[in-house]
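Here is how the chains run, residue by residue.
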Amino acid sequence: MFPTRAALLGAAGVIALLFAGTAQSPSAGETTVPAAANPAAVKIDNFNFTPPMLVVAPGTTVTWINADDSPHTVREKDGKFKSAALDTDDTFSQTFTAPGEYEYFCTIHPRMVGKVVVKPAGSSS
Amino acid sequence: MADRDENEAFGGARMNRRGVLKCMSWAGTGVLWSLSGGVPRSLGLVGEAIAAEPKANGFTFLQISDSHVGFDKPANPNALGTFQEAIAKINAMPTQPAFVVHTGDITHLSKDKEFDDADQAMKALKQKVYVIPGEHDVADADNGKAYLDRYGKGTQGKGWYTFDVGGVHFIALINVFNFEPGFKSAGLAKLGDEQLEWMEKDLAGRSTSTPIVVLAHLPLWTIYQDWGWGTEDAPRALGYLKRFGSVTVLNGHIHQIQQKVEGNVSFYTARSTAFPQPAPGSAPAPGPMKVPAEQLHSVLGVRTVNYVRGKSPLAVIETPLGA
Chain A
1 MFPTRAALLG AAGVIALLFA GTAQSPSAGE TTVPAAANPA AVKIDNFNFT PPMLVVAPGT
61 TVTWINADDS PHTVREKDGK FKSAALDTDD TFSQTFTAPG EYEYFCTIHP RMVGKVVVKP
121 AGSSS
Chain B
1001 MADRDENEAF GGARMNRRGV LKCMSWAGTG VLWSLSGGVP RSLGLVGEAI AAEPKANGFT
1061 FLQISDSHVG FDKPANPNAL GTFQEAIAKI NAMPTQPAFV VHTGDITHLS KDKEFDDADQ
1121 AMKALKQKVY VIPGEHDVAD ADNGKAYLDR YGKGTQGKGW YTFDVGGVHF IALINVFNFE
1181 PGFKSAGLAK LGDEQLEWME KDLAGRSTST PIVVLAHLPL WTIYQDWGWG TEDAPRALGY
1241 LKRFGSVTVL NGHIHQIQQK VEGNVSFYTA RSTAFPQPAP GSAPAPGPMK VPAEQLHSVL
1301 GVRTVNYVRG KSPLAVIETP LGA
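Chains as they are written, first to last, in our numbering: chain A, 1 to 125; chain B, 1001 to 1323.
Just so you know, the hints here were simulated from the structure itself, not pulled from any lab data. Just so we're clear, the structure is a prediction, and the values are computed from it rather than from any experiment. Using N, Cα and C, we set each Cβ at its ideal position, and we do this for glycine too. Check each hint, because a few of them may be wrong.
As the list claims (entries may be wrong) - Partial chain A-side listing against chain B, Cβ under 8 Å, derived:
| no. | residue |
| --- | --- |
| 1 | 43 |
| 2 | 47 |
| 3 | 50 |
| 4 | 53 |
| 5 | 54 |
| 6 | 63 |
| 7 | 65 |
| 8 | 69 |
| 9 | 71 |
| 10 | 77 |
| 11 | 84 |
| 12 | 95 |
| 13 | 97 |
| 14 | 103 |
| 15 | 109 |
Claimed, not checked - Below, a list of computed lysine-lysine pairs in the DSS-like style, where the Cα atoms sit at most 25 Å apart:
| no. | chain 1 | residue 1 | chain 2 | residue 2 |
| --- | --- | --- | --- | --- |
| 16 | B | 1128 | B | 1145 |
| 17 | B | 1123 | A | 77 |
| 18 | B | 1089 | B | 1145 |
| 19 | B | 1123 | A | 80 |
| 20 | A | 43 | B | 1290 |
| 21 | A | 43 | B | 1158 |
| 22 | B | 1089 | B | 1126 |
| 23 | A | 43 | A | 115 |
| 24 | B | 1111 | A | 80 |
| 25 | A | 80 | B | 1073 |
| 26 | B | 1113 | B | 1123 |
| 27 | B | 1073 | A | 43 |
| 28 | A | 77 | B | 1290 |
| 29 | B | 1145 | B | 1111 |
| 30 | A | 43 | B | 1128 |
| 31 | B | 1158 | A | 77 |
| 32 | B | 1126 | B | 1113 |
| 33 | B | 1113 | B | 1158 |
Only chain B is shown next, with the shape it has when bound in the complex:
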């Protein structure tokens, strides 16, 4: 499989500063996931593949990420609006996903008003929403108190937890509390010893045939060290997952789709419902990127990922939609 297909950002370097309003037509999307026989398959972006249906013995769930409620800069003057738009699209899907996961950066500045607005928006969903924080959600002066007061009930440690649906074991990890300051390091995220020990125990008694889905905000593989797009102690977590036959890691944070397959582990990052970010290294720094609508639809808007389990290793095929 070509590197281009495996690890391609969505053309960030080619975008210019036009088309802000039109970008809203794609920004408010989530990723629909179908689990059939325990193997997640992305059915594409909401609005592009809503006709897709899970097999009789499977189910779908939906991933939204990086809503940045409260963001109001030129890259998207109304991030709450596009988040609400994404939710309306989910509600309009003919086959409703079993549940929704939000992989962090719910808010932009960890403000109560932003959490309130986000909660209000998510209340419109018919499904349960499983959330994890991004670094923007724990940026209050009290180191995450605003988030944990709201979402920490019934969780372990500093907010991590697991849940099971249809025989699939979901592990919601948090890697935004233990950043290694960049004095002598790259400033990558960390899961931390306490969480890793908890994770090891959680997985210890499980059958290797249990499909595992891991949620974490920052990628669990290093996509771009210079921008801190990686998790320093992720290899330890992945070590615990090695013996399982099907492991899927869903991340947010980088506001673009990237993917990688390593053995039985498939890694995917999601788009934002708020604004895109530049491809790794294509700009002096990460951050909100203004994008032209007319390029977006051909470059970003109609791409889907089908996960097809091959013999070994797991095969990934990317299929553009509606080309």
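Only chain A is shown next, with the shape it has when bound in the complex:
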């Protein structure tokens, strides 16, 4: 349900991830850009998840990148997904298929929280 595309990738790994996302998209080659080929990003900076709330369409891969000197983790509050410890510039990606709200936090600094909202494009709520 929550396939982890890539964990602990360095900067070079991000490029590989983008290729993978494109290759796996059923719409690859068409002119319409599918949601999955346009992954959203959350930057971890100065002990904050930015943006703190991200709204994406189902099928979107969200990538967190740690820009801090301190390591952080990304863990859904009920453990639906969890990264390993992300060192500086490490990334963690998660593909969201099911609509819903996913609250997550950093297990090393639990004050740090964020949310991913998955809803179909054009949905009003």
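Go by the hints and put chain B onto chain A.
Frame of chain A; chain B shown alone:
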């Protein structure tokens, strides 16, 4: 006793970004503890007070903390190196401590290689090393499996345990598994019900004259809520300890010395062997702090704490060394 003495961070706000290499000369230190008649006394930092000797009926033990093996950022490009340096200093002490405790954050990222390197470094010690995890040691995607596979054997629950030395009862608590996510709270650490019930049972039959030493990674009192520097359900644990005459709580996590006395309970946090962190609230966020060496030695390097048991309550006197 003045607030300044009771609850002072080591001048974090005054530090700037110089002197990285020189800071290594102090970063690799541990805290030497002497138990004499059941009352712990800090004999100072290793290298500063190694001539101190325990009384005939006491013993010393040493606390190291927050080695963050694997850390390689500017605040300390070689955390394994300073950890090894601390261990070499312990081995060079003329009076060897009876054992060593490591109060967590052994590694930086919970990686096998980091645990391997830390283990290898600690093998150089002649003494038994009692360890507890910090949140950095259970940050693997498997929620602490890497730590527990290595250090969890023979422990209770999720790694907690007790041991007894020289009539002193040591309780090694773990408060890095049950963080309350900060959606609606401050994001403080928690011991959790299972561990607290175990602790209550462990203490139930013990004589109030038994000296107790509690080890935990995060402080068991709230030092700075905004940074999560505290343990939400610590009051319950302290409730079980209230009836004992001598209770000493040794923590790590905040990479600086802070202390507090409350009734018969004395709380102390230790320095890191890797890098300092800012004083509470003196920076936008906690984290590795680069420090200037020339200030360090006057502000940090030569401070020791003597624990002197007064009539009531326990008295704490701080005495700078080598000033």
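(message) So, against the hints stated earlier in the document, which numbers end up violated here?
(response) Hint check: 1, 3, 4, 5, 6, 7, 12, 13, 17, 18, 19, 21, 25, 28, 30 fail, others pass.
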